[in-house]
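Protein sequences appear in the order of chains A and B.
Quick note, the first sequence lines up with residues 1 to 257 if you use the working numbering.
Quick note, the second sequence lines up with residues 1 to 578 if you use the working numbering.
A portion of the hints provided could be inaccurate.
[Said to hold, decoys possible] In silico DSS-like pairs for lysine-lysine, Cα to Cα no more than 30 Å straight-line: (1) B/K266 / B/K337; (2) A/K144 / B/K570; (3) A/K155 / B/K148.
[Stated by the list, open to error] The following label-pair restraints were derived from C-beta to C-beta distances: (4) B/A482 / A/T47: 52 to 62 Å; (5) A/N96 / B/E338: 14 to 24 Å; (6) A/K15 / B/F496: 46 to 56 Å; (7) A/G28 / B/K548: 40 to 50 Å.
The set of hints was computed from the structure by calculation and includes no laboratory data.
A virtual CB, placed ideally from N, CA and C, is assigned to each residue, including glycine.
Each chain, written out:
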Amino acid sequence: MLNFHVFRFDPSKDKESRFDRFEVPSLGSGMTVLDGLYYILENLDQTLAFRSSCRAGACGSCAMHISAGGGALGGNGQYRLACNTLIETLIPGAINNNVTGQIMIRPLAHLPVLKDLVVDLTNFFRHYETIKPYLITTASLPDKEFIQSTKQRKKIDKMIDCILCGACYGSCPVAAGRPDYLGPHALLKAARFLFDSRDTADEERIKLVGHNAGAFRCHTIFNCQQVCPKDIDPAGAIARLKMKIILDKLRRFFGRS
Amino acid sequence: MIKRCDVLVVGGGLAGLRAALEAQANGLNVVIASKLYPVRSHSGAAQGGINAALANHPEGQNDNPGLHAFDTVKGSDYLADQDAVEIMTAAAPDVIYQLDHWGCPFSRLANGRVAQRPFGGAGFPRTCYGADKTGHYILQTLYEQVIKNHIETLNEWLVISLIVENKTCSGVIAFNLQSGQLEIIEAGAVIVATGGSGRIYGKSSNAFTSTGLGMAIAYRAGVPLKDMEFIQFHPTTIIGKNILMTEGCRGEGGYLVNKNNERFMKKYAPDKMELAPRDIVSRSIQTEINEGLGFTDPAFGGYVYLDIRHLGADKITERLPGVVEICTDFLGINPIKEPIPVQPGQHYTMGGIDTDKDGVTEVQGLYAAGECACVSVHGANRLGGNSLLETLVFGQRAGAHAAQYVAGRAKQKFNESLPDYFLKQQESRLQQLTMGAGPDKIGAGTENPYQIRNELNKTMDALVGIFRTESDLKYALSGIEALKQRFRKIKAPGIFSSFNYHLLWVLELEGNLDVAEAIVKGALARRESRGSHSRRDFPKRDDVHWLKHTLATYTKEGAVLSDRPVTITKFQPQERKY
Ligand SMILES: Cc1cc2nc3c(=O)[nH]c(=O)nc-3n(C[C@H](O)[C@H](O)[C@H](O)COP(=O)(O)OP(=O)(O)OC[C@H]3O[C@@H](n4cnc5c(N)ncnc54)[C@H](O)[C@@H]3O)c2cc1C
Ligand code: SF4
Ligand code: FES
Chain A
1 MLNFHVFRFD
11 PSKDKESRFD
21 RFEVPSLGSG
31 MTVLDGLYYI
41 LENLDQTLAF
51 RSSCRAGACG
61 SCAMHISAGG
71 GALGGNGQYR
81 LACNTLIETL
91 IPGAINNNVT
101 GQIMIRPLAH
111 LPVLKDLVVD
121 LTNFFRHYET
131 IKPYLITTAS
141 LPDKEFIQST
151 KQRKKIDKMI
161 DCILCGACYG
171 SCPVAAGRPD
181 YLGPHALLKA
191 ARFLFDSRDT
201 ADEERIKLVG
211 HNAGAFRCHT
221 IFNCQQVCPK
231 DIDPAGAIAR
241 LKMKIILDKL
251 RRFFGRS
Chain B
1 MIKRCDVLVV
11 GGGLAGLRAA
21 LEAQANGLNV
31 VIASKLYPVR
41 SHSGAAQGGI
51 NAALANHPEG
61 QNDNPGLHAF
71 DTVKGSDYLA
81 DQDAVEIMTA
91 AAPDVIYQLD
101 HWGCPFSRLA
111 NGRVAQRPFG
121 GAGFPRTCYG
131 ADKTGHYILQ
141 TLYEQVIKNH
151 IETLNEWLVI
161 SLIVENKTCS
171 GVIAFNLQSG
181 QLEIIEAGAV
191 IVATGGSGRI
201 YGKSSNAFTS
211 TGLGMAIAYR
221 AGVPLKDMEF
231 IQFHPTTIIG
241 KNILMTEGCR
251 GEGGYLVNKN
261 NERFMKKYAP
271 DKMELAPRDI
281 VSRSIQTEIN
291 EGLGFTDPAF
301 GGYVYLDIRH
311 LGADKITERL
321 PGVVEICTDF
331 LGINPIKEPI
341 PVQPGQHYTM
351 GGIDTDKDGV
361 TEVQGLYAAG
371 ECACVSVHGA
381 NRLGGNSLLE
391 TLVFGQRAGA
401 HAAQYVAGRA
411 KQKFNESLPD
421 YFLKQQESRL
431 QQLTMGAGPD
441 KIGAGTENPY
451 QIRNELNKTM
461 DALVGIFRTE
471 SDLKYALSGI
481 EALKQRFRKI
491 KAPGIFSSFN
501 YHLLWVLELE
511 GNLDVAEAIV
521 KGALARRESR
531 GSHSRRDFPK
541 RDDVHWLKHT
551 LATYTKEGAV
561 LSDRPVTITK
571 FQPQERKY
């Protein structure tokens, strides 16, 4: 048996948020946190709000803060995808050995709650948009594809896998205090284009991220790298960005640009 | 407040985004309304790749669009419309080049060109890929272009009905999830791009959100659904969650083996082996399972192994990283060291909203593109890698045609009272549904919608699957009719409130029930076996009687069937051998 303690808040009626406890049976091997949430929606409380779609860790809908433990609440908490978090990994024995598990679920942090686990992504996507997340090139387009060597292509490996789930953003203490901070997801995207051999807008991109609320706001705390469900290293990408910006400054300083 | 635009695109997947970009490039004011943020669309889960005869691969230098067309038509078991197929395969190379110019990170060959891999039913390595995350890369790329071009997106708006009068569409009614209210969007033209309806089935590779509602709104507004009986079952979905293991696994050289560790495909398709088209491979796996040659899981049923271990760690991590991720996360196994337990699962809806080559439907100003539409380029069986291509080619064409249509008409005078009338109609319908009021007494009852959905899923899995018979299908049809009756007594408390996902799932279920009925009626009528539609009682293809499309038209009493000839240009139907 599992006790799901789920964050609840409906700004249209609630003064304060609370946690509701739901008893969810073990649904057999392969059961995920998302399966548990659906069990609640379908059987226990039809007002529960949470996002999901692909159920396969591919669409980025279901990032939330999940902590689990057999006893006290709040241990080993992390931002995760509900859909690819197996109950059995969170709480060994909960599925087949009748271990009672406690699972606590909160929405992504640093974004306003619209209802329960659904947060307002406006700011998240606005930051993403400001870094000009699209290829810019002044080269004349070839008749066929651009020639890009496997080595050049490798430079953007992993960075291109971001599913914009927001786990990194929720986990970032810098984003906590600074809603204007671009955030790991947006900076990662900037790096993805800056290091793409087909993109020629280095100068503009450096301007877009080389400011106060951009790359240098990152204190290399590495939470993002820890939580990313796609094993991406946004902090590393931001470090590469900073390096590039500094080199660029030096080049200008020595008049070699 | 009423929203107005020239072209409204319903859906933010690949087909929808491509259509929107094209309509906007034609100078029109475009809005995208999508129940999901566009980047959450199921297109992003596509893994294996997208077909185009680029002739980049050393073994594919003699490839060309004509051969691509032939493979597609043969794969379709000759039910595809050949003029549409030729348009698609001819356009394919430029689609890839444009994606590359927009920044799509395709994998590369040593010479710096876009990489290609072998796929089922194809004469050459023709499938362009980005590792095994091709759909994700293309979806991101198109969304990037949408941002660049400042196209407005209404995120988390569920379109529930079309405004159609005198066979002309002038907008939609949508349920705005955040506000919890119904809203009117008026538009000169509407393009439906709502994706597949896989979740009518239980064992499906599709997202939870791939439902029948998108098809149902066009169907209820008077556009027939075409060829709905043709449902693709993908040979390799993992047991349990039925998440896809891309055909790229076999394209890269993976094997399928039964419990005797035998590569059983040699019995069924000695030439192409694991790379025969999907209908054939799925039937082969199911036959192995039925004959006791597979494995059995007490909870998840029969399965066989997909074995990629011999490809080696390097190739697997480079070309199939997503497969490793899924196996690790959901099965707790490492496919570099262990074989993957797989079974066939519902994967793709070949049929859909009846359109022509430009996405045009029978209702003026109403278009459809992508998986929800049926042009038809896939006929009775889609080749892997052709669907992503379809979304882009026909998304673009629908966008262009819709733009032309709107621009060519005298500035539309919106009929003030019409949208309001439709809004009121939907409002009272939902009111009934949610409060148990009104003449229909819908909502007064006690039925749990999720139970109805589960029963629908089980019915479709068990009776409308890979192998079909008349008695099973009849049984399924009466089951669906009973579920429809129960739906009228649904218990759906709740009102118009913010993020009322319960109401959303109820509306999705209603769409699923309508579409399921069309699938089963089509399957029952088609007394032959063709492509994915395999009738045990009629095991042969019958070109004399059945070389034709099925059309299902909505009536209050249920689907009414008619048919239409297939367009044949170059390729005369032959027996299909692989
Ligand atoms: C796991 C998987 C892997 C695949 N791999 C491949 C592959 O490698 N190659 C290939 O060619 N094909 C592949 N396919 C098939 C292909 O991905 C899909 O057919 C294609 O992406 C569908 O695109 P679409 O734009 O039509 O729909 P989708 O991407 O499903 O988008 C539908 C959109 O419509 C919106 N929507 C739906 N209903 C409503 C509504 N009522 N109101 C408002 N909005 C709505 C959704 O929010 C979404 O934005 C795969 C499919 C699956 C399931
Ligand atoms: S970098 Fe990782 S955690 Fe952050 S949004 Fe992208 S996928 Fe999610
Ligand atoms: S539901 Fe898509 S990532 Fe979890």
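Does the Cβ-Cβ separation between A/K15 and B/F496 fall within 46 to 56 Å? Roughly 22 Å apart at Cβ, these two residues miss the hinted range, so it is violated.
Taking 40 to 50 Å as the hint, is the beta-carbon distance of A/G28 and B/K548 inside that range? Distance hint for A/G28, B/K548 holds at roughly 45 Å.
Could you say whether the range 14 to 24 Å given as a hint is met by the Cβ separation of A/N96 and B/E338? holds (20 Å)
Does B/K570 sit within 30 Å of A/K144, going by the straight-line distance between their CA atoms? holds (28 Å)
Outcome of range test on Cβ distance (B/A482, A/T47; 52 to 62 Å): With Cβ atoms ~29 Å apart, the hint is violated.
So if I understand the rule, the pair passes when the alpha-carbon distance is 30 Å or less; does A/K155 with B/K148 pass? Given pair A/K155, B/K148 holds - Cα atoms ~24 Å apart, limit 30 Å.
Holds or violated: B/K266 to B/K337, with C-alpha atoms at most 30 Å apart: Holds - the C-alpha atoms of B/K337 and B/K266 are around 24 Å apart, at most 30 Å.
When held up to the earlier numbered hints, the structure conflicts with 4 and 6 and fits the remainder.
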